[in-house]
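> Here is what each chain is made of, one letter per residue.
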Amino acid sequence: MKIDPSMLKPSAIANSNTIKSTKSFILKYQVYFLIGSLLILSILPLFTNRSYILGVFCRIFLYSILAGALNTINGYSGQFCLGIAGFFCVGAYSEAILSTAAKMNFWIILPIAGIITALVGLLVALPTLKMQGIYLAIVTLGFSEIARLLALNWTSLTGGPMGIKGIPVPEIFGFALKTSRHFYYLYLVLAVIFLFVTSRVIRSRIGRAWMSIREDQLASKSLGVFTSRYKAINFMYGAFWAGIAGAMYAPYVRFIDSTYFTLDEGWNILSMVIIGGQGTLIGPIVGSVIVNYLTELLRPIGQWRMVAYALLIIVMMWWRPQGLAGASNSIVAVKGETRMRHRKVSRKEAQA
Amino acid sequence: MSSLFEAKGICKYFGGLKAVEQVDMTIEEGDVFGIIGPNGAGKTTFFNACSGIDKPTKGNVFLQGEDITNLTPEQVAKKGMARTFQNIKLFRYMSVLENVKIGFHNQLRTNIFDSILHTKTYREDEAYANRKGLEVIEMVGLGRFTETLAGNLPYGIQRKVEIARALALNPKILLLDEPAAGMNPSETHSLMMFIKDLNKAGYTIAVIEHDMKFVMNACNKVLVLNFGQKICQGTPDEVRCNQEVVEAYFGKGVATGGATNGHA
Numbered sequence: 000m001k002i003d004p005s006m007l008k009p010s011a012i013a014n015s016n017t018i019k020s021t022k023s024f025i026l027k028y029q030v031y032f033l034i035g036s037l038l039i040l041s042i043l044p045l046f047t048n049r050s051y052i053l054g055v056f057c058r059i060f061l062y063s064i065l066a067g068a069l070n071t072i073n074g075y076s077g078q079f080c081l082g083i084a085g086f087f088c089v090g091a092y093s094e095a096i097l098s099t100a101a102k103m104n105f106w107i108i109l110p111i112a113g114i115i116t117a118l119v120g121l122l123v124a125l126p127t128l129k130m131q132g133i134y135l136a137i138v139t140l141g142f143s144e145i146a147r148l149l150a151l152n153w154t155s156l157t158g159g160p161m162g163i164k165g166i167p168v169p170e171i172f173g174f175a176l177k178t179s180r181h182f183y184y185l186y187l188v189l190a191v192i193f194l195f196v197t198s199r200v201i202r203s204r205i206g207r208a209w210m211s212i213r214e215d216q217l218a219s220k221s222l223g224v225f226t227s228r229y230k231a232i233n234f235m236y237g238a239f240w241a242g243i244a245g246a247m248y249a250p251y252v253r254f255i256d257s258t259y260f261t262l263d264e265g266w267n268i269l270s271m272v273i274i275g276g277q278g279t280l281i282g283p284i285v286g287s288v289i290v291n292y293l294t295e296l297l298r299p300i301g302q303w304r305m306v307a308y309a310l311l312i313i314v315m316m317w318w319r320p321q322g323l324a325g326a327s328n329s330i331v332a333v334k335g336e337t338r339m340r341h342r343k344v345s346r347k348e349a350q351a
Numbered sequence: 000m001s002s003l004f005e006a007k008g009i010c011k012y013f014g015g016l017k018a019v020e021q022v023d024m025t026i027e028e029g030d031v032f033g034i035i036g037p038n039g040a041g042k043t044t045f046f047n048a049c050s051g052i053d054k055p056t057k058g059n060v061f062l063q064g065e066d067i068t069n070l071t072p073e074q075v076a077k078k079g080m081a082r083t084f085q086n087i088k089l090f091r092y093m094s095v096l097e098n099v100k101i102g103f104h105n106q107l108r109t110n111i112f113d114s115i116l117h118t119k120t121y122r123e124d125e126a127y128a129n130r131k132g133l134e135v136i137e138m139v140g141l142g143r144f145t146e147t148l149a150g151n152l153p154y155g156i157q158r159k160v161e162i163a164r165a166l167a168l169n170p171k172i173l174l175l176d177e178p179a180a181g182m183n184p185s186e187t188h189s190l191m192m193f194i195k196d197l198n199k200a201g202y203t204i205a206v207i208e209h210d211m212k213f214v215m216n217a218c219n220k221v222l223v224l225n226f227g228q229k230i231c232q233g234t235p236d237e238v239r240c241n242q243e244v245v246e247a248y249f250g251k252g253v254a255t256g257g258a259t260n261g262h263a
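Chains as they are written, first to last, in numbering that gives the first Met the number 0: chain A, 0 to 351; chain B, 0 to 263.
In case anyone wonders, no lab produced these hints; they're calculated from the structure. A virtual CB, placed ideally from N, CA and C, is assigned to each residue, including glycine. Just to be clear, a hint being listed does not mean it is correct.
[Stated by the list, open to error] Derived DSS-like pairs: lysine-lysine, alpha-carbon spacing no greater than 27 Å straight-line: (1) A:K129 x B:K54; (2) A:K129 x B:K78; (3) A:K129 x B:K195; (4) B:K78 x B:K195.
[Claimed, not checked] A few chain A residues that face chain B, going by a derived Cβ cut-off under 7 Å, partial list only: (5) I107; (6) A175; (7) R180; (8) V200; (9) R204; (10) A218; (11) F225.
One chain only, chain A, in its complex shape:
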């Protein structure tokens, strides 16, 4: 087709060039940053053997996966899920039961626990496909509580309030992973795998479909994206990784009961996603580092640290709604963006 571009002359000039150059700069920077931090992280346990420090790092890696899993649901496809603790619970109990009662190998259980959790995710997703926003949030919140209460009351399967004791540690070729250092490497490897896999999924047809649902579901439908199917896939994907995280957590703590998987846990993970930045790959990691670091820092003030989190979230929402990682492509960022643009304009006007 021959169409003269001059007749479609844009009436205003958008700064496409500046956007392009900043974007590529950030991308370049990100790659170096990732490689550098990965190197530092992989040699770090050689310098310290304090299980406290390594334990904190283990938590950071574990919560990076959990927050990342929640981010694929909340940040990428824009469905507001509060039930991540429920998926975490299902994964952890799957591992605990299969390893103690069925005496299965950890490496076989790991994917099975992920798949079981993904199927549970599908069960949650199916009746909620037409729900959005606050309604979906409440259903998933309910699911999280149901999962916890089942774990608490289904005594024959989950041990009820007694929990499950003596979960065997994973082994690699007869070498048992026992210390914090071992788990440090296990978690680091799985967090890197998670980041790698998710980054690839996000940059494919599937990731684009998720984002289009977040941006405008009706438009997405009118372009032939079967939104219900992709929302279900999205839920299953997030649940799968939360299940994997749960399955890695159970042998680390050796004993689990329902108190690990309360709603507080869900809020905790959600706050990481919000503080770090929804809809970015790096955001949940940043959030995980900050929240876990603060948890340690604020230990002296005990329960008051919850107040500190709340304040932090309020401040973040007010000052930087797109999160620290600065996702310009985040739904919560919309308000902040327009406000910033407004400010810039008024500043220019003031100068003129």
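Got chain A; can you put chain B on it based on the hints?
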């Protein structure tokens, strides 16, 4: 089995409100079909009923002889009908290229494992979507905005991105809901030329529009709706001379009408 698109006896009621009542429309291949009518005439409701977004209360919609009345919007899009929206529905926080790539969604075969392992299917799909996406963007003349976030673009350009996105579906018929809304006369003119060129390239287009100059110049057939009912259909010249259409737009001549009545 002859016409590309047919709507028969479409009715859409919202409770007691008859938004669209018994409207027929037949679009032949190669048409630029205009739908006009005063505000609130039911044009957009009619479009929604045709494209699966709102199921019509009564009536049937056929695309190439196939009944598409009860299909979901996704299925309708897959059958080859693309549309744009009156209030622009772009993916604001995605780049223009990504917006267009969504349009190729159903032409790609990548599944989640392909994307993780970067298999041949994935690489071919991405190469295809990139190449064709750039082609479409180039075609609508937005080459310089490829990487810009769609939400940062000026209004007129956003309209074109939306059309580009719809074109990516490679549709048999393209429904445009007020594409010139909010455009200045020169933008409207360039859009009109653009639509004529699309038509020459083989696209069949149905367009809702308020701008009379636009409709009279670009369309070869015009359907006029008023209060949900079809009052006239024909070539632009026929419609222009139709008494009912003139009354719907300008009202009955009170002064002259009154005078005539007085004499009678």
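> It remains to establish, for every hint, whether it holds in the given structure.
We went through each hint and held it up to the structure:
{"no.": "1", "hint": "A:K129 x B:K54", "verdict": "holds, 17 Å"}
{"no.": "2", "hint": "A:K129 x B:K78", "verdict": "holds, 23 Å"}
{"no.": "3", "hint": "A:K129 x B:K195", "verdict": "violated, 39 Å"}
{"no.": "4", "hint": "B:K78 x B:K195", "verdict": "holds, 24 Å"}
{"no.": "5", "hint": "I107", "verdict": "violated, 20 Å"}
{"no.": "6", "hint": "A175", "verdict": "violated, 30 Å"}
{"no.": "7", "hint": "R180", "verdict": "violated, 29 Å"}
{"no.": "8", "hint": "V200", "verdict": "holds, 5 Å"}
{"no.": "9", "hint": "R204", "verdict": "holds, 5 Å"}
{"no.": "10", "hint": "A218", "verdict": "holds, 4 Å"}
{"no.": "11", "hint": "F225", "verdict": "holds, 5 Å"}
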